[in-house]
Amino acid sequence: MTVEPNTPEGQRRARRGGRLGIITLLAFGTQGFLLVAALREQTAASWITWGVVLVAFVVAFVIEHRREQARRRRDGTPLH
Numbered sequence: 001m002t003v004e005p006n007t008p009e010g011q012r013r014a015r016r017g018g019r020l021g022i023i024t025l026l027a028f029g030t031q032g033f034l035l036v037a038a039l040r041e042q043t044a045a046s047w048i049t050w051g052v053v054l055v056a057f058v059v060a061f062v063i064e065h066r067r068e069q070a071r072r073r074r075d076g077t078p079l080h
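Read in our numbering, the sequence shown has 57 at position 57, and its numbers run on one by one without any break.
To be clear, the hints were calculated from the coordinates, so they are not data collected in a lab. The reader is advised that the hints may include incorrect statements.
As the list claims (entries may be wrong) - Simulated restraints, written as ranges between beta carbons of each label pair:
| no. | residue 1 | residue 2 | range |
| --- | --- | --- | --- |
| 1 | Arg-16 | Val-52 | 22 to 30 Å |
| 2 | Ile-48 | Gly-76 | 25 to 33 Å |
| 3 | Ile-63 | Arg-15 | 16 to 24 Å |
| 4 | Ala-70 | Leu-26 | 20 to 28 Å |
| 5 | Pro-5 | Ala-44 | 46 to 54 Å |
| 6 | Gln-11 | Arg-74 | 15 to 23 Å |
| 7 | Ile-48 | Phe-28 | 13 to 21 Å |
| 8 | Thr-43 | Glu-4 | 48 to 56 Å |
| 9 | Arg-71 | Arg-40 | 40 to 48 Å |
| 10 | Leu-35 | Gln-11 | 17 to 25 Å |
| 11 | Gly-18 | Val-53 | 19 to 27 Å |
| 12 | Gly-76 | Arg-40 | 19 to 27 Å |
| 13 | Val-62 | Arg-13 | 14 to 22 Å |
| 14 | Thr-43 | Arg-72 | 39 to 47 Å |
Just so you know, even glycine gets a beta-carbon here, dropped at the ideal spot from N, CA and C.
Throw the hints in and build the complete structure from the sequences for me.
Shown next as structure tokens:
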């Protein structure tokens, strides 16, 4: 369901979308940098660092998604 952009919910979703887009680009950039470093160094520490950061990003996005779903259920706004 589409939300009108001039409503408070629409403005909030637009801001959230922008923030998530920037964070996603930074996450991919960081992961790419760590992956290149791990491939060059071929050490266990670099691979462990890459894996830990990857898991941390995935967990952060899952937590944020669940918080947003809970907020929408609580406020009665559509989930999609």
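Going down the list of hints, with the structure as the test:
| no. | hint | verdict |
| --- | --- | --- |
| 1 | Arg-16 - Val-52: 22 to 30 Å | holds, 26 Å |
| 2 | Ile-48 - Gly-76: 25 to 33 Å | violated, 44 Å |
| 3 | Ile-63 - Arg-15: 16 to 24 Å | holds, 19 Å |
| 4 | Ala-70 - Leu-26: 20 to 28 Å | holds, 25 Å |
| 5 | Pro-5 - Ala-44: 46 to 54 Å | holds, 49 Å |
| 6 | Gln-11 - Arg-74: 15 to 23 Å | holds, 19 Å |
| 7 | Ile-48 - Phe-28: 13 to 21 Å | holds, 20 Å |
| 8 | Thr-43 - Glu-4: 48 to 56 Å | holds, 53 Å |
| 9 | Arg-71 - Arg-40: 40 to 48 Å | holds, 42 Å |
| 10 | Leu-35 - Gln-11: 17 to 25 Å | violated, 36 Å |
| 11 | Gly-18 - Val-53: 19 to 27 Å | holds, 23 Å |
| 12 | Gly-76 - Arg-40: 19 to 27 Å | violated, 51 Å |
| 13 | Val-62 - Arg-13: 14 to 22 Å | holds, 19 Å |
| 14 | Thr-43 - Arg-72: 39 to 47 Å | holds, 44 Å |
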